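Put together the whole structure using the sequences plus the hints.
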Amino acid sequence: MSQAAAEAYVDPSLTPGELTRSIAEPVEARPPRWWMVGAAGAASLALLFVGSVGWLFWKGVGVWGLGSPTFWGFDIINMVFWVGIAHTGTAVTSFMTLSRQPWKNGINRIAEAMTIFAVLCAALFPLIHVGRPWLAYYFFPLPNSMGIWPNFKGPIFADFFALNTYLYVSALFWYLGMLPDLAALRDRATNKIAFWAYGLLALGWRGGARQWSQYQKAYLLMAAIGTPLVLSVCAIVSMTFAPSILPGWHATIFPLYFLTGALAAGFSMLGMLAVFTRSFFGFKRLITEKHLETINKWTLACILGVAYVYLVEFFIAWYSGNLYERFTIIHNRLGGPYAAIYWTMLACNVLIPQLFWLKRFRTRQNLMVFVCLAITVGMWCERFVILVLSVHRDFLPGSWGMYAPSLVEVATFLGTIGIFLTMFLAFLKFLPVISMAEVKHSLPSSHAGSAP
Amino acid sequence: MSEGRSSHFILGRLPLSLMLAGVLALVLAVALGTVEIKRFLVAWQGGWTFAVSLSIGALFVLLFASLTGSTWIVAVRRVGESLSMLFPLWAVLAIPILLSAPALYPWADTERAAHDPVLVQRLAFMNLPFFSLRGLAYLGVFFGLALLLRRSSLAGRPTIDRMRFLAGPGMVAFALCATFAAFDWVMSLAGTWYSTIFGIYFFVGAATGALGLWLFLTALLERRGLWGVPVGVEHRHDLAKYLYTLTLFWAHVAFLQFLLIWYAKLPEETFYYAVRSRYGWEWVTGALMVGHLLLPIFLFMGRRAKRSLALGGFFGLWMLLMHALDVWWMTAPSNFPMRRLGAVEILCFLGFGLLAVGGVLRLLGRSPLVPDQDPRLEASLKLRSEP
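Quick mapping for you: the protein sequence lines, in order, are chains A and B.
Count along the first sequence from 1, add 801, and you get the number used in our numbering.
For the record, in the second sequence the residue sitting at position 242 is 228 according to our numbering, with numbers rising by one throughout.
These are calculated hints, taken from the structure and not from any lab test.
Any given hint might turn out to be false.
What the hints assert, rightly or not - Among the chain B residues that face chain A by a calculated CB cut under 7 Å, a handful are:
{"id": "1", "residue": "L14"}
{"id": "2", "residue": "S181"}
{"id": "3", "residue": "T182"}
{"id": "4", "residue": "P216"}
{"id": "5", "residue": "H238"}
{"id": "6", "residue": "L246"}
Claimed, not checked - DSS-like, lysine-lysine: derived pairs with alpha carbons at most 25 Å apart:
{"id": "7", "chain 1": "A", "residue 1": "K954", "chain 2": "A", "residue 2": "K1091"}
{"id": "8", "chain 1": "A", "residue 1": "K1085", "chain 2": "A", "residue 2": "K1241"}
{"id": "9", "chain 1": "A", "residue 1": "K1018", "chain 2": "B", "residue 2": "K251"}
{"id": "10", "chain 1": "B", "residue 1": "K227", "chain 2": "A", "residue 2": "K1018"}
{"id": "11", "chain 1": "A", "residue 1": "K1160", "chain 2": "A", "residue 2": "K1091"}
{"id": "12", "chain 1": "A", "residue 1": "K954", "chain 2": "B", "residue 2": "K251"}
{"id": "13", "chain 1": "A", "residue 1": "K1098", "chain 2": "A", "residue 2": "K1085"}
{"id": "14", "chain 1": "B", "residue 1": "K368", "chain 2": "B", "residue 2": "K227"}
{"id": "15", "chain 1": "A", "residue 1": "K1230", "chain 2": "A", "residue 2": "K1241"}
{"id": "16", "chain 1": "A", "residue 1": "K1241", "chain 2": "B", "residue 2": "K368"}
{"id": "17", "chain 1": "A", "residue 1": "K1098", "chain 2": "A", "residue 2": "K1160"}
These numbers come from a predicted model, not from an experiment.
Note that the Cβ used here is the ideal one computed from N, Cα and C, for glycine as well.
Okay, structure coming up:
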């Protein structure tokens, strides 16, 4: 990485001591009032999940709005929505590390935390989707009492492994990157509990030359593993749908469609979380306008990829000459009963993000939050379009039907938003939000005396 | 910083000789083609697609570098720039394909298309006048972008900054043109077949071939001591890493396209692979799996292989050859379900390949070998690869 490029992303007047202090202070100080209110609100929202899932277990899946021919509704829509958001964290850290992009230093910790919390939210849905969560161990390759083995060629089976691998690797990557910072918190601890807690988590980090050398090798290795993993997990999640012969699902571009969609959803969410963190914690010298602008440029690039896929999907539906492809992808989306959701998706994912071509929208917080929020809504609509619009009108008009989520499904989704926010707020309070070690490396004062 | 030298006085007559050899190979192919005209046309179309894809691939890499403000590539940028400036040559050499389209493209055979329930629906889009017009538009956009990049590279700072600003819309225009060019020029050879990922498959493969040639020529120039500035192992290493990544990405896209079609088993899609898995084509498919993925993935994973002058140069040449094989595999089986490989095919691919290499070297000699007007050149020359 070029040192000049790295320095462009930090306030040059910042000293290493100030940097450590400003990152460690939110962890060490008593939580501010806004945090207490926010955490209480988020946890209350999370309780909606507990309540709605409790009701589901008590009554059975009949409390959902599913019915022939739509058997995959809010549960799978929201799983894919959260999985999408989850992809950016590991992509930011691993891909940006491999391609020597210095801007990641200020925001990679937030992105990784977002990844892990979003994967956890996503993982809840398959568990409740099976209807009998006490039999969820069927996902594992274990013979059941009937002697039937799981279908090794089945995409759902691959999904289970992909999501698990992704969760473990992402969590390991996150934790590995945090080791030096946890040790810094341990060394600054003023009470015994914090000293022991951060000391245990820091795994005996002392910051010796040998430890740094091994750490950097491990970090690079994790980056090399993480980059193809992002691609493969997106491909496998898309294969929950694409291997079928349903128009709207069976398209060879689906793996890359999911990749670009996931990155767009993740970058837009990351943009919002970065604004939230810098505004409430006063991290404006660490998460700079330049960071926000770069995140928004990436969001624009990924959302243009999404628009490209929409166009190609549309064109090939016509080009194929296949009656069912044309009906599902062109007629049913543009003018079917769910057309409002499709047009909302187009407005949020194609039209509004074009505002990011303008520098003002990339650098002003309120304007960028508006665009990022629109993309998040648009990506959710996209998941709805992919899921419901491909199945609610089957090949024969006799098997057509409508799907509308029940209140329990809506509450379950809102509950996962609560879970996500609760975990994110806990992260903001208890862990170093910005990588001290990496940002210090970008400070001009860290390179004093070296060749210009 | 003006140490970059023009290479023409050292390369001497090599560029012209290579181009003449290319022309000779193509003339020989024409002579042999008089015996079996369709075979010649299929080989010519394959060779042309290979050559134009190299320029498309180089343009993609240059646009991406401009968009991201990459510094590392600045010192070796001229190789890719020269490759991307060859579009006018490819436009002229496309004329035989246009004139013989009914023999190559099922939709251009009006009688056949009129009786095909799928092709007949596409006639509003897939007809010869519109196809020609689109082709001209794609080549025009590609050349326009290449020209803008070239001029900015020659002129220095203000235009480089402007080009970075234009690279965003440029990439959008490029992606659309490259995708529809792939649909028109290559996918439509297979008649009713379609695949939504095909555009990406085509231009990722194209970038692999272009970077292969780029790396090979960079190593060649270094071996002959032509750079005159400290261009060397660090730049080759980065080029090789880039090529390695694209090789993996090509394999990812190629495998997923196959997997999804195999899994769904829809006859309207599977015939593309059915044709390529029998009557001799299975060997080409196998060679692609081994040569385009397995061999490079193991041989060039290590840092030492990527940094070695000889091995790095070989990696580039190998991937260029594999890209040629990939283009032949994409184009020829649609017209010849029985594999045919002989002098005509070899001469066409060789002829277009030599024209590309000769053309690049000739253009390299017309301007300083490194962009000495670029303010990032110094940083690029000081590049040090992290482990």
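Exercise. Hint by hint, which ones does the structure fall short of?
Worked result: Checked against the structure, the hints that fail are numbers 1, 4, 7, 9, while the rest are satisfied.
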